Amino acid sequence: MSNDAANSDSIPITLIGGYLGAGKTTLINKLLSHPALPSGTAVLVNDFGDINIDESLIRSESDDGTVIGLSNGCICCSISDDLSKALDALREMPVKHVILETSGVAEPLRVWRHCHYPGFTPKAAVVLVDASNHAKRSQDKYVGSLVRAQVEQAHLLVLSKTDLNPDFEINRLIPQLSNQDPDLINTLLGWHRASDKSAIEPASSLLPAFRAYTWRQAQDISQALLTDVLSALDESVHRVKGLVATQDAGVLLIDRVGDSLKMRCYTQSAKPGHLGLVFICRSSSSDEMHNAASGRGISSIASQITRLNASN
Amino acid sequence: MLTLYKARSVITMNPSMPRASAVLVRDGNILEVGEPERMQPWLEGQQFTVDEQFADKIICPGFIDPHLHPSMAAVLLPMEFITAMRWKLPWGDVEPVTDPTAFDTRMQALHRSKPAEEPLFIWGYHQLWHGEMDKARIHQISDQRPIIVWHRSFHELYMNDPAMSMAGIDPAQIKPGLQIDIDEGHFFEVGLGFAINRLNPWILAPEKYAEGLRRLKQVVHHGGHTSIGDLATGMFNLDAEAKALTEQLEGDDVSFRTRLVVHGTRLTQGGRKPEEGPTMAADLLRHNSHRLSFGRHIKLFSDGAFFSQLAQMQEPGYVDGHHGEWLAAPEELERHIRAYWHAGYQIHVHVTGDLGLELTLDILQKMQDEKPRFNHGFTFEHFGFSTPEQIRRIRALGAQVSANVYYLHELSDSYAKSGIGYERASQMARIGSCFAAGINTTVHSDFTMAPAEPLNSMWVAVNRINHGGQVMGAAERLTQQQALEAITINAAHTIGMADITGSLRAGKRADFTVLDDDPLNCDPMTLRDIGICATVFEGRVFPIP
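Just so you know, the protein sequences line up as chains A and B, in that order. Numbering of the first sequence is given in my numbering, commencing with residue 1 and proceeding in unit increments. Numbering of the second sequence is given in my numbering, commencing with residue 1 and proceeding in unit increments.
Mixed in with the good hints there might be a few duds.
[Unchecked claim] Below, computed lysine to aspartate or glutamate pairings styled on DMTMM-like, alpha-carbon distance capped at 25 Å:
| # | chain 1 | residue 1 | chain 2 | residue 2 |
| --- | --- | --- | --- | --- |
| 1 | A | 141 | B | 389 |
| 2 | B | 273 | A | 64 |
| 3 | A | 136 | B | 170 |
| 4 | B | 243 | A | 81 |
| 5 | A | 141 | B | 331 |
| 6 | A | 85 | B | 362 |
| 7 | B | 243 | A | 220 |
| 8 | A | 141 | B | 325 |
| 9 | A | 141 | B | 332 |
| 10 | A | 85 | B | 161 |
| 11 | A | 141 | B | 207 |
| 12 | A | 96 | B | 315 |
| 13 | A | 141 | B | 362 |
| 14 | A | 85 | B | 239 |
| 15 | B | 208 | A | 88 |
| 16 | A | 85 | B | 207 |
| 17 | B | 243 | A | 63 |
| 18 | A | 85 | B | 315 |
| 19 | B | 208 | A | 61 |
| 20 | B | 175 | A | 50 |
| 21 | A | 85 | B | 389 |
| 22 | A | 136 | B | 362 |
| 23 | A | 141 | B | 320 |
| 24 | B | 273 | A | 152 |
| 25 | A | 85 | B | 156 |
| 26 | A | 141 | B | 156 |
| 27 | A | 85 | B | 325 |
| 28 | A | 85 | B | 189 |
| 29 | B | 273 | A | 54 |
[Unchecked claim] Now the in silico label distances, taken between C-beta atoms and shown as ranges:
| # | chain 1 | residue 1 | chain 2 | residue 2 | range |
| --- | --- | --- | --- | --- | --- |
| 30 | A | 148 | B | 271 | 30 to 38 Å |
| 31 | B | 335 | A | 53 | 21 to 29 Å |
| 32 | B | 91 | A | 34 | 36 to 44 Å |
Derived from the structure by calculation, the hints contain no laboratory data. Bear in mind that the values here come from a model prediction, so they are computed numbers and not experimental data. The beta carbon of each residue, even a glycine, is placed where N, CA and C say it ideally should be.
Bound conformation, chain A alone:
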């Protein structure tokens, strides 16, 4: 997953993955009619089958029926299993960003590699997870390993059907949002793949508006330090989530949305597999990332991660 910088003049591709029934089509439908969808976005879907484009939005249709032009300056294309052909077709069009729906049985990493195509570069792999049956499906004899791989390979998880299973959590240091999140579409469009704690990179020329940073916990810390760190973050930190082992209060489940911080004891008997925090950082304008005042979100997270590590 290297060479993003080398391909800075390439068109970025955001993958939308997830198993059959996880809500990809619903999300694509939402996206196509969303006012925030920037002109010049190309949405590639496997099949127009279940895509529901408002008639009033359709401006043109190609002769072979594989490309639909929309009045918001976007296009929707069906790829019928041949990504290279679809991407070659897009070269002829004024496209600035591609949203690619993967097949339900695709591993995001495999498609990610395919997005390293002349003129294009992968930007983020978003994977939808069906909260109502993920636990069962990830143990399935036939698709269990696939569904687990889809989650592991995601840069951003979007949980769907959370109303059917409100307590559903994925205990992984992978940024996650609910598909009910009011900022879902903006986040998704602006998402850039996560960096690890060690690599708080400068923003690439792709000007991401949303990013995640991960702190992996190596040793226990005090609850006081944790609380202190979490309250010292500035407002550009949109969300913090994870599990942290403390010296005095056991393992704590952290969920901070905006200013509201929830800290609960982790009560499940199984030892958590992943300790640490995921910080989702947003900036109100993408330029902000570049100027000095900008990187506030990032530098705030960086300094707080440093404090957490220094305590060890």
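Using the hints, position chain B against chain A.
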């Protein structure tokens, strides 16, 4: 007009009368198989010819390959073959090339034999035999002529500079990190798609494609076939394929018939529901012509490509821990199968690994519970890996098997070493067990995955010898009788044509394959070298020079 064909022996594949010495034919149909002196009632007062041209030959029922892909073959056949395995092609045998020097020598010879400007497409390269390939190596052959070297698996290719400029590929535009190594001229995975999109004017041009189908026609004839199955019609584009097939594979000069089995998921792609598929597929029947016919058959897919180790395996899986892939979500496969099962179709499912087979068996079990059917012909296509327990389930559910037995010859050695281990690799294509269980079992080439030579498939099934000369899974060897059944009557059952072909008896079409030697009594090691002197399709002789 009646014709009495006499032979040294007629192998009928009719168990009630396995052997005869003559076949009496009228208007392309068999009137009687047996001894000439008993055929008087047909001959009295009639004009007839006694045809003795096969008097010292063996007449077999016309061979059938129940699963190949004319459209894919048409793309490949105009190319030059340099392969590690032997391929008998009508325009000459391709002798095995098993080391790097010999590969270069052969490339050089092909280069010298071509007019200066003509691009040279080569297929069959494999690093295991032919060493590492790159642009510099091709440039040693020529840096003037466009040369494209295609991997045996089809999944990657190499090009020299002239080929890139011919295709309009500007190396400066290709940045690092893509599935293209521009310095080596190497295009793989989606990079292969990039290359193909630009090579299409040379490989998919209508006249090239037509030329490819004409070559396919020769290949099918030379293999001794009188019927074949196109087991995924519409894999590229149904209308275009149907048009090309009608132009090339219908007409008096065509020595075989083709059962077209439409690609089920392609059929309903573009917004149609799987449940609409059976009606759409039935509508295709009105396009049927004499030699080209759809039936109430459908093709569906379970797990990934065998050649790419993407077959879905049960525990303990692959040695290196990688997983195979599903070609459709299990729920989607089930939904398609359900639609066609309830509509009474014969369903053919591509299965390669034993997990892919297990899934498909589970779905078939569900269908039998929902709506029991007898004689439904549900067929497991390719049948790479299986377990003995699955053989019992196949029998219990009334299904049948069409195996690509050639996998065993070409791949069992490398899959034993770097794939799944010796035990399971030696038992791929477990077809001896299928015969023992009474399952209708046939073998196919999946051409161009394997040579379209039924006698070669028969040779592999009987001897189970891999390319290194080792016998793999001796207990699964077929008898010569079983193997001949596999390429005749059993194959006819699989493509739904057993009422008209697959054996020689009164009432069937006069479809013969005429051999120099007896495939049931010869040394089994000589099976694939038996000469085929002619085929007869519906009473018309098509000599093989």
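### Task
Kindly indicate which numbered hints from before are broken by the structure, ordering the numbers from low to high.
Failing hints, ascending: 3, 6, 7, 11, 12, 18, 19, 20, 21, 24, 26, 32.
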